[in-house]
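Student: Sequences and hints are given; from them, build the entire structure.
These protein sequence lines are chains U and C, in that order. In terms of the working numbering, the first sequence opens at residue 1 and continues consecutively. In terms of the working numbering, the second sequence opens at residue 1 and continues consecutively.
Bear in mind the hints are in silico, worked out from the structure with no lab data behind them. Be a bit skeptical, because a hint or two may be false.
Stated by the list, open to error - Stretch by stretch, here's where chain U covers chain C in the computed footprint (C-beta under 8 Å, at least three residues): (1) 9-15; (2) 150-156.
Stated by the list, open to error - Between beta-carbon pairs, the in silico distance windows are: (3) ARG140(C) <-> GLY253(U): 44 to 52 Å; (4) ALA50(C) <-> HIS66(U): 49 to 57 Å; (5) GLN212(U) <-> GLY66(C): 53 to 61 Å.
Glycine included, every Cβ here is placed at the ideal spot set by N, Cα and C.
Listed below, chain by chain, are the residues.
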Amino acid sequence: MAGVATSLAKQAGREGAGTPRVIRNPLWVRITFLTVALLFVAGFLVLPLAAVFAEALRKGAGAYFHSFADPDVHSAIRLTLLTAAIAVPANLVFGVAAAWCIAKFDFGGKSLLITLIDLPFAVSPVISGLIYMLIFGLQGWLGPYLGAGDHPWLGSWINAHDIKVMFAVPGIVLATIFVTFPFVARELIPLMQSQGNDEEYAALTLGASGWQTFWRVTLPNIKWGLFYGVILCNARAMGEFGAVSVVSGKIRGETTTMPLHVEILYNENNSVAAFAVASLLALLALLTLALKTFIEWRHAESRAG
Amino acid sequence: MPLALSKRSVLPGFGLSLGFTLAYLGLIVLIPLSAAFLKAAGMSWSDFVAAVASPRVLAAYRVTFGISLLAALVNAFFGGIVAWVLVRYSFPGRRLVDALVDLPFALPTAVAGIALCALYARNGWVGHWLDPLWAGGIHRLSVWVPWIDWSGWLGTKIAYDRPGIFLALTFIGLPFVVRTLQPVLAELEPELEEAAATLGANRWQTMTRVIFPELLPALITGFALAFARAIGEYGSVVFIAGNQPRHSEITPLLIITKLEQYDYRGATAIAVVMLVASFLLLLLINLLQKWSRRYYRL
Chain U
1 MAGVATSLAK QAGREGAGTP RVIRNPLWVR ITFLTVALLF VAGFLVLPLA
51 AVFAEALRKG AGAYFHSFAD PDVHSAIRLT LLTAAIAVPA NLVFGVAAAW
101 CIAKFDFGGK SLLITLIDLP FAVSPVISGL IYMLIFGLQG WLGPYLGAGD
151 HPWLGSWINA HDIKVMFAVP GIVLATIFVT FPFVARELIP LMQSQGNDEE
201 YAALTLGASG WQTFWRVTLP NIKWGLFYGV ILCNARAMGE FGAVSVVSGK
251 IRGETTTMPL HVEILYNENN SVAAFAVASL LALLALLTLA LKTFIEWRHA
301 ESRAG
Chain C
1 MPLALSKRSV LPGFGLSLGF TLAYLGLIVL IPLSAAFLKA AGMSWSDFVA
51 AVASPRVLAA YRVTFGISLL AALVNAFFGG IVAWVLVRYS FPGRRLVDAL
101 VDLPFALPTA VAGIALCALY ARNGWVGHWL DPLWAGGIHR LSVWVPWIDW
151 SGWLGTKIAY DRPGIFLALT FIGLPFVVRT LQPVLAELEP ELEEAAATLG
201 ANRWQTMTRV IFPELLPALI TGFALAFARA IGEYGSVVFI AGNQPRHSEI
251 TPLLIITKLE QYDYRGATAI AVVMLVASFL LLLLINLLQK WSRRYYRL
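Tutor: See below:
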């Protein structure tokens, strides 16, 4: 649901904010509103962010950097990067394909399809993990074929290749793909719908092939929207907790992503190390916000110019 | 044949892109989701009811839905003020505050959870002075407003208790209200307020009778989005909730607890109840958005 509110199309409407208006509230009302708003933002957003870094550095920079010497932290970082490196491109390709057929063609059931694409945002992260357990877990549909090996040929093939889905990396990747599923598609669909088909028609008329039209005409037009969707998708993929927590099994150094490792360290009362790993995730969040603001600014500028 | 549904178009790639979209959607989203419903359908009715309506589960629904409602209401109020200030006032740092509003979307929930714990625990920055204030305040409230049942809140701490759940759910819900209201506020015609002033309305009347009704559909939509997000939230809540059964245990945690006990059926039954609730909310939000779009076009 994040994208509903933050889509580029709506962003454009916000430009011109802060322009002087003829009618204003009395000064004391304005000051009260501003104070309440800033206190709320400071208390609910700035303080928690500051707390992450303060707790991470509580025992000094030495203890902070020492937290990253732990090989389990390295493997958590590697697993998080690997998960995002699979989930983000998968949903990127899906997002482009979905936006292409929805925005460029007319067919029945389109609004149903858009609703179904948004579905993962309405599902609790815990339930996102659970549904994969129901398919790949030991009591699940495919579970008996994975691990138990009692299926005449499938089971032995899977055993021979040592394939595990639950409590292993494939389950973590699948759950992450599920929770980040709509991000790219929902940024691209309204953007491509607003752009129409005229430029593509012109390219085809001038003799370009379908792929040439896509790479040279469509892609340059949607590149900022694409980038926008990708960074939001990536932030969620690297930060997802609930869904991966169900499917990971939390085997230290093997199936713990960074957020799961934060939980393990925190529950071991290793506060400095937990907040040190958390600080990396907080930096990622700040980088995401900075890039997002930059894209909105670029987009508004390209519309104005 | 999906192609038969399409109006003739010279653009290529319809079959390929739609086929891929449907296959990927089916494999990643629809088949796994239907697994939950099929698993629940395999239970007998009495087993299902026993799983979704035991006292512990009912208490978890009450905590989840009740506190989510409270957090969404608080967000509707303060988020409304934040959106108003961001759109209407210019002040130094406005762009920074605007960018920060999305922090709850970008910050991993587990990080938010432990950060809130560090702040609101009894020895935390905020907790060490807010905790005694809270205990005294809630006691006084129970004396002044005796017709409300305060028993669930009397004697609570802030962190590792119900108030902590409220704080976490308020944190994650804030952007929904602000981001839904901002574009609507920005498009509000200044002529509307000028007309109201010309017709003799004072500023208070203009705010409550002209501007507020204009914003109401968007405000309700933002409220519903924040509420929908809150009922499924797990990561930011579980650290600060205290997780006492029948008092501060949220439904998503109960699902995980059942899974850890290998009670897949019990976990799935509760999940199906939550999924139905989420889908009904999604439907309501879609209707709200249609309503507000029609409303603003007039």
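Student: Hint by hint, say whether it matches the structure.
Tutor: Status of the hints after comparison with the structure:
1. 9-15: holds (count 6)
2. 150-156: Answer violated; 0 residues pass the 8 Å Cβ test.
3. ARG140(C) <-> GLY253(U): 44 to 52 Å: About 51 Å separates the Cβ atoms of ARG140(C) and GLY253(U), which means 44 to 52 Å holds.
4. ALA50(C) <-> HIS66(U): 49 to 57 Å: holds, 51 Å
5. GLN212(U) <-> GLY66(C): 53 to 61 Å: holds, 57 Å
Checked against the numbered hints given earlier, this structure breaks only hint 2.
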